[in-house]
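Build the complex: two chains, separate frames, hints provided.
Line order of the protein sequences matches chains A and B.
Read the first sequence against our numbering and you will find it ends at 476, with the numbers running on by one and no gaps.
Read the second sequence against our numbering and you will find it ends at 282, with the numbers running on by one and no gaps.
It should be emphasised that the hints constitute simulated quantities derived from the structure, not laboratory data.
Wrong hints could be hidden among the right ones.
Unchecked claim - Some chain B residues near chain A, calculated using beta-carbon distances under 10 Å:
| # | residue |
| --- | --- |
| 1 | G87 |
| 2 | G109 |
| 3 | F143 |
| 4 | M160 |
| 5 | N161 |
What the hints assert, rightly or not - No farther apart than 25 Å at their CA atoms in a straight line, the calculated lysine to any residue pairs in the SDA-like style are these:
| # | chain 1 | residue 1 | chain 2 | residue 2 |
| --- | --- | --- | --- | --- |
| 6 | A | K232 | B | E134 |
| 7 | A | K422 | B | N43 |
| 8 | B | K125 | A | R448 |
| 9 | B | K122 | A | N303 |
| 10 | A | K366 | B | A118 |
| 11 | A | K234 | B | K129 |
| 12 | B | K257 | B | F271 |
| 13 | A | K391 | B | N262 |
| 14 | B | K125 | A | Y229 |
| 15 | B | K59 | A | G441 |
| 16 | B | K272 | B | N262 |
| 17 | B | K125 | B | Y173 |
| 18 | A | K314 | A | V302 |
| 19 | B | K220 | B | R22 |
| 20 | A | K284 | A | L261 |
| 21 | B | K122 | A | K284 |
| 22 | B | K217 | B | R76 |
| 23 | B | K59 | A | Y229 |
| 24 | A | K391 | B | Q91 |
| 25 | B | K35 | B | E224 |
| 26 | B | K122 | A | F450 |
| 27 | A | K314 | A | M300 |
| 28 | B | K217 | B | N43 |
| 29 | A | K391 | B | G44 |
| 30 | A | K274 | A | L242 |
| 31 | A | K284 | A | K314 |
| 32 | B | K35 | B | K257 |
| 33 | A | K366 | B | H138 |
| 34 | A | K330 | A | N303 |
| 35 | A | K366 | B | L115 |
| 36 | A | K284 | A | R363 |
| 37 | A | K234 | B | H138 |
| 38 | A | K234 | B | K59 |
| 39 | A | K422 | B | Y17 |
| 40 | B | K64 | B | R76 |
Note that the Cβ used here is the ideal one computed from N, Cα and C, for glycine as well.
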Amino acid sequence: MLIDNYAYLNKLKDVHPAEKLLFALATMAVGFIPNALLNLAIVLMMGTVLVFKAGIPARIFLKMLLIPFSFIIIGMLTMMVNVIPAGSNALIKLSLPDFNVGITLESMKMSGLLFSRSMAMVSCLYFLAFTTPVMDIVAVLRSMKVPVLLLELMELIYRFLFVLMETSEKIYISQASRLGYINAKTSVHSLGRLASSLLVKSWRDSESLYISLEARGYDGELRVLTRSFPISQRNIFFIVLAEFLLLILAWLFRG
Amino acid sequence: MSDCILEMRDVFFEYSGGIRALDGISMAIEKGKKIAVLGPNGSGKSTLFLHFNGILKPKSGKVFYRGREIRYFRSFLMDLRKNVGVVFQDPDTQLFAGSVFQEVSFGPMNLGLPAAEVEKRVKEALKATGIEELMHRPTHFLSFGQKKRVSISDVLAMNPEVLILDEPAAYLDPGHEQKLLEILDELCRKGKQVILSTHDVELAYAWADYVYIMKAGKIAAEGIPAEIFQNDKLLADTDLRKPLLLEICDILKQKGFFFNKMPRSIPEFKDELLFRATDE
Ligand SMILES: Nc1ncnc2c1ncn2[C@@H]1O[C@H](COP(=O)(O)OP(=O)(O)OP(=O)(O)O)[C@@H](O)[C@H]1O
Ligand SMILES: [Mg+2]
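Here chain B stands alone, though its shape is the one from the complex (with noise of 0.2 Å):
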């Protein structure tokens, strides 16, 4: 238990007007696994994330992060949440300062570091996402899928131990995403732990480690995503699909096709077929 960094044991929540929205969830996500969460709509992504950060408190169970429980008093809560950042699904609601330069520096502020600190890690973070030159734009001028990189800036700035990112790719351009999971994997690879959410299910194939399928405020299943995606039944049950890539897969093993590791990636599924063509 002690390489987990967050984990919940049997937490029910339920929003005013008593819709429940966790309903008795228990997980463990080890350190340094890619992890993706997926579910149909209202499954409880978002309201799980939040409970992350201490900023949603059971309504019984626990929450720990690094084996320590979520104490719901504000020191506590600020330390965590130096830790632990979250990039909401809906940017409009996390942005709010009048230039994206203002509004990336406010986490690096309250974490109190010096001001040529601040400014160094702001530009770092427009530079991850690509929008530096909208620097000293307001933030109502941009677009949507700006802001959304915005916010992940807002977050990446604050260079904490866990990332997580609710449905970070929504909206996105096809360039961005894959720019944007490209700084994921290097933060993962600097050891830091990344957590999303997403409907994508080719993303979560591709990206994740570790994967946990969330329905009706309960986790489903979870697995690594060669497993879970072989699982028809769950596919079905949850809304989800299974990724092209192993659809094809399967088809070709079907026709006699031998894999020596199931592709993730065209490039790997490429590797794979020249591995073949030399082989024989």
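Okay, chain A solo, but in the shape it has when bound (with noise of 0.2 Å):
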């Protein structure tokens, strides 16, 4: 959840969460035309406002974009490993008895483009993780009629999710402390305890939750008051230049 740390902390914090989410999903739209050097424009441009606008440190986003990088790793391989048809010309190529098995220009090209285009659009969605605390994102959704259960459940999830990090850590704690997790066999135990009573202290927290809301006039309808940002036409313009300049980049490099 170190993420989350930052999307409160961070220099874009009191910027309009609006302005934050256009960013991120036209610059995901440009992003999918099929251009690897875009893409790779992209995750720069994405890397520099997230270090030199957010102060996001830049170890931390490398770090970051390394998580999905083996899973994209996987994906790129069997994409460009095929089989491929008797006659063709293939970069490598490995013969087994039936069929052919081995690496075209095509397919290299194809899961070049995969991979970087995979790694554009993480990059402009831990642009968006990174800036924009969650309930910031909500109310941008909740403005733009999104229906309202929905919300809320999104709302309930995240504040619950930590609610039950926080009671596994403890129960954790309190019980590595007694020497639960000496050994194989008392892990085992404990770790079956520590399910078990999350569970149930969980039904007792949604219970007195509720119980707690009902006291302040709680009738069906989470009604809060979303803080309000201004809107800021210059961060507008530069994000129009962004992506317009983007555009012209694809054009310019077609092909």
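In structure tokens:
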């Protein structure tokens, strides 16, 4: 939940969330143009904005990029290596009794594109995750008339994710400090107890939450006042400009 | 009886499984008095409080708010809860929203106030508990004492007629405890009714106008603090302790010291000593 911490403390936290959402989504849309160079530019752009504008340490951003990296590599490899029809010109070919397996220029290009596009999309999502608290995104979605039920679910799930994490951490610490994880046998036992008490506790917590909501006049809808952000014309201008430059880049290096 | 803000007549309550939490409670809380409820763990304080705004319904017996019997249908309860606000003992079960600001705005929004008014109240409530700078922080980032303060703001922002606080001072640092008591005093001066539970005898002795002592689901005793805390047998029976200041005054009295008025706080104590010094 490292990202979540940055979302609340980064230097872009007071920027209107709709602007950040626009920036991320528009860049993602542009990123669908099949062009590896464009995708690379997107990763660089998002990285630059995150590091220099939002003040996220470059090390952290790179570390986070590495997480999807391994998944993407696997996907890329399976795409690169194909069954190839006899007689086509492959770069590398392995002849098996019934068919040939190998890498063609085409599959190489395809997988390269997949890789760069995935990284571009991931960095757009990271931009959003690093700079915009979930609650702000929910607020934007609310103003876009997304069904209230969905939004409240998002809010509550988000909140309870942390409650659950905190509770399980507390139980774990209390078990560990009483040697609950001293060997394999006690570990299994303790983990089982942790899971079951987590269930019971969550159940009770949700009950008492409901009670306390009722005490404050809950009538089926979680109405809260969301914080208002100023809209910056300057930011919107820069967003449009950035997308425009990306499009030009894609056009220049089309092919 | 007309000057009673809250009243209970012969209230019994059992949790599922037959645990009897309230065992025949009758009490009449006079308007304008600062009330403290004390009693050992599991004596039923939290359960009692949940009856005052109709969250729990007595198995038998009646609860009255301003002389009107509490009825357990929706519109009545909604109306009651606008007037009687409860701060729960465990803030973790009260906080639900992402940010502190949103959390505190929930109550006033339910009152149907305009957004500008809600914002004003939220800011005032956060200022009162000294957590303005946490306004846009998510609630899961806070320390326990900070959460406790958010939960108090939650209810302050609703500006209810009666404010019921379940162990508000637990987990607060001494500075913020003092500040909280000042806020509560201020509310009392404005004509609000404040009821709190505590295990802190010093706090109850210094702050309350009237105390109830609970034990095993019953009211073991009630009265003004000066009398209640002199009752050594009662204190021993209910796992309480005599306030230190009272203890000291008693010793001084035995030594022949005379108090005009029993002091309830250190400043009052000092005044008494000075008074004596200038007297002689
Ligand atoms: N949700 C519940 N289900 C069943 N029994 C409960 C529940 N809550 C409380 N009790 C029981 O009811 C009795 C009164 O509990 P209550 O929480 O009112 O005590 P309390 O005076 O507030 O204690 P403390 O000082 O520890 O806060 C206790 O015996 C307790 O075990
Ligand atoms: Mg309690």
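Earlier hints that do not hold, by number = Per hint list: 5, 9, 13, 21, 22, 23, 31, 32, 36, 38 violated.
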